[in-house]
Amino acid sequence: MHRKNRILVTLGLTLAAVLTGAAFAQTDDDANGAVQFNFSTPGARSLAMGGAFLGSVDDATAAYSNPAGLLQLSEAEVSVEGRRWNYSTPFASHGRFSGRVSGIGADTVSGVQLGAADAELDGVSFAAFVLPRKKWAFAVYYHQAAKFQADFTTGGIFAGEGASERRLFPVRSSYDLDISQLGLALAAKWGDVAVGLAVSNFSFQLDSLTQRYVSGTSFYSPIDFSQAIPVNFQSQTGDSEELGFSVGLRWDLGPKTSVGAVYRSGPEFDLGVRSVGGSPNQPGQTFDDTTTNFNLPNVYGVGISYRPREPFTVNIDVARVTYSNLIEKFYVIFENNASVEDFVIDDVTEVHLGFEYVMAKGPIPIAFRFGGWLDPDHRLRAEGGASELTQARLFAGDDEVHYSAGIGLIITSHFQIDAAADFSEVADTVAVSAVYRF
Amino acid sequence: MRWTTSSPAPRRASRRLRKILVALALALAAGPSAAFADWRSAFAEGIKAYDLGEWGEVESYMKKAIDEKPTATGEKVRVYGMKFERYLPYYYLGVALYHQKRCQEALAEFARSRAAGQVGSLGKSNMMRQEEECRRKLGLPPPSATPPPPPPTAAPVNRRRSSRPPPSSTPPPPSSASPTTPPRPPARPPTTQRPPAPPAFDPPSPAKDTQTTEEVKDEVLKEKLETVQERVFRPAEAWVNAVDDYLRGLGREPTWAEHYRGHRSTLNSARALATAAASEGDVHAVEEAGRRGQEALKAIQDLARKLGIRPP
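Those protein sequences? They're chains Y and W, same order as listed.
My numbering runs 260 ahead of the 1-based position in the first sequence.
My numbering runs 768 ahead of the 1-based position in the second sequence.
Source of the hints: derived by calculation from the structure; they are not laboratory data.
Small disclaimer: the values here were computed from a predicted structure and weren't measured.
Note that the Cβ used here is the ideal one computed from N, Cα and C, for glycine as well.
Mixed in with the good hints there might be a few duds.
Negatives, chain W to chain Y, calculated, CB over 10 Å [as the list claims (entries may be wrong)]:
hint, residue
1, E853
2, Q898
3, E1026
4, L1071
Now the in silico label distances, taken between C-beta atoms and shown as ranges [as the list claims (entries may be wrong)]:
hint, chain 1, residue 1, chain 2, residue 2, range
5, W, E873, Y, P623, 47 to 57 Å
6, Y, I677, W, K1066, 16 to 26 Å
7, W, E901, Y, F698, 46 to 56 Å
8, W, G1017, Y, W396, 46 to 56 Å
These stretches of chain W come out as covered by chain Y in the derived footprint (C-beta under 8 Å, 3 or more residues) [claimed, not checked]:
hint, region
9, 806-812
10, 991-997
Working from the sequences, and respecting the hints, build out all of it.
This is the structure:
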């Protein structure tokens, strides 16, 4: 083994041994950089309108979106939605963060180069049954709150010059998150105001593994994972169930305008975290092995629905998502000097806007919808006292603007089908949903 | 810090989106206060009550809808979400009355609904069942029993005389009162001993020679009602909508509003009278309703023209 490489391995192992903590939930593990949740309102109809639905909530998806909306229904209704997600999650792939490019081996590019972890997932994202009565309505529903995967490898970013020159361990990382909920919703009316409450059982599954290597030949060698030497690995494992709740309000300001508000609590899940030397096949010293919490963000928002003319509807929602919950018990694995405060995930305010136009004159009424929403950056980022290499791999992202469109066909007075697509730089979503009214 | 692959474009896009949202929010805030009801929302609420079996509310909402828009156009109206129902307020009102055991009124509303001709097959079957039950409760014969042809001297046909003996398939000859058969009593006392005036329509073609006089009469009625609807009530709807929109836009009660509402009410009554008269088989009453409607329409048109209002 190259002398410099041996030093690097030794340093890495020593560092890993030193940097063990009592408990950590979300960590500065590369895998935690940019998790995508599914907090937008469900249903292809809503997706097509940029997820703007809190004020409208006039179908079975109200069970999750804003349970107060259930009272608008007058017929029992079953709704099922399937979604396909295409994620393209950016990560710091290779390059040089600082110092002069040596031109040797992998050190040929100035600046941190981003890669994209692509993943395609699909499944039933929402299903509900609603039973409405005059003064109350009841619903049972299923919702996929998160279905996310990101598998990627990095080449080891370079930084510094001379004696202070360093290289991040190249990484192989996989992250697989699945959060679903099975809930009961109840809505009742007091005067002109409808109030809804939903209680749901969340099922949480997280499986992530980040393995760190040193290049097998020299400090500057391009990484070949079949030849590379494993240094350490970190895993996160969660498989637990917790209760969560949401409350909603909705009132009509007239036949053309309605307003809705909702609060959805994110429960805390048990999460097992390990940091171990070597590789999963040949584990070395265990630096940390503990159980802690994964805090799902809370969501609260308001929305307005306005129908200026009968076939035309405009919806606007503003929703606050407390992504900072994810780092409430943050633990720093790889930094000596940085403190917890140097790692940040911002709470964000999403703005959703949607339009719907229904052509009701033909034998099959057709709805045309489009919209968009602003998804401000909520990546885990390092700043302040964190080292420049940590800042290089945990970096701020960009605000994402999503554009959406869709169509709905009212096949009979009892049956409708909706389809929609939502596009952005980091995630594309396609949805098809069907509604049957009894 | 330098990010070689990040771009400021998304942030610019988000600023643009924010600006659009702010502009839209201001536009919405500046819009009408929306605290008004219309026939669509009354009908939608009525349908919701119908789904939930709240018959008193169905009656109330449907009457409200009819008052605002008496013509059962059959157009699809949004109830909520993607649930649309055809605008058939008389039918739903009839069902509500039926469930409240007010059969006499229910039958009248069903008749109006049938006259509008927009009830779908499902509604028609439901309506027929309820009509049948109502007729049974009221001791009326089923409507399918075709009444016998009128006597030659009979006045305009009234279908309620369907308690007569079963019909024949062809009109009896004028000399049906043979010495061996006592003459049947007329439905109403004959007003004249003279033979009836020739009908004011072309006689049926030879191909229709198996029709009863009653069936011919039905065709005439249908044609007459359609003519009245076409010439008076459908155009009237556009004028009424235009004036109503104008009134809403004013946001105050002008002095002429009361007169206008009087004409509108006359128009609505005339329309209801026309459909009811048609269901009763009274051609003259249909014509009379048409005349009344025409007068009310003319008054509304005159008023609208003075105000510079034109239907779209």
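Hints and how they fare:
Consistency note on E853/W: stated as away from chain Y, yet its beta-carbon is not over 10 Å from all of that chain's, at 7 Å minimum. The beta carbon of Q898/W sits about 19 Å from the closest Cβ of chain Y, which is more than 10 Å, so the claim that it is off the interface holds. Against chain Y, the non-interface label of E1026/W holds: every CB pair exceeds 10 Å, the least being about 25 Å. In this structure L1071/W is separated from chain Y by more than 10 Å, as the shortest Cβ-Cβ distance comes to about 26 Å.
Between E873/W and P623/Y the CB atoms are about 33 Å apart, so this pair departs from the stated range of 47 to 57 Å. A hinted range of 16 to 26 Å is violated for the C-beta pair I677/Y and K1066/W, which are about 49 Å apart. Between E901/W and F698/Y, the C-beta spacing of about 24 Å breaks the proposed range 46 to 56 Å. A hinted range of 46 to 56 Å is violated for the C-beta pair G1017/W and W396/Y, which are about 39 Å apart.
Only residues whose beta carbon comes within less than 8 Å of a beta carbon in chain Y count, and the region 806-812 of chain W has 3; three or more means the coverage holds. Only residues whose beta carbon comes within less than 8 Å of a beta carbon in chain Y count, and the region 991-997 of chain W has 0; fewer than three means the coverage is violated.
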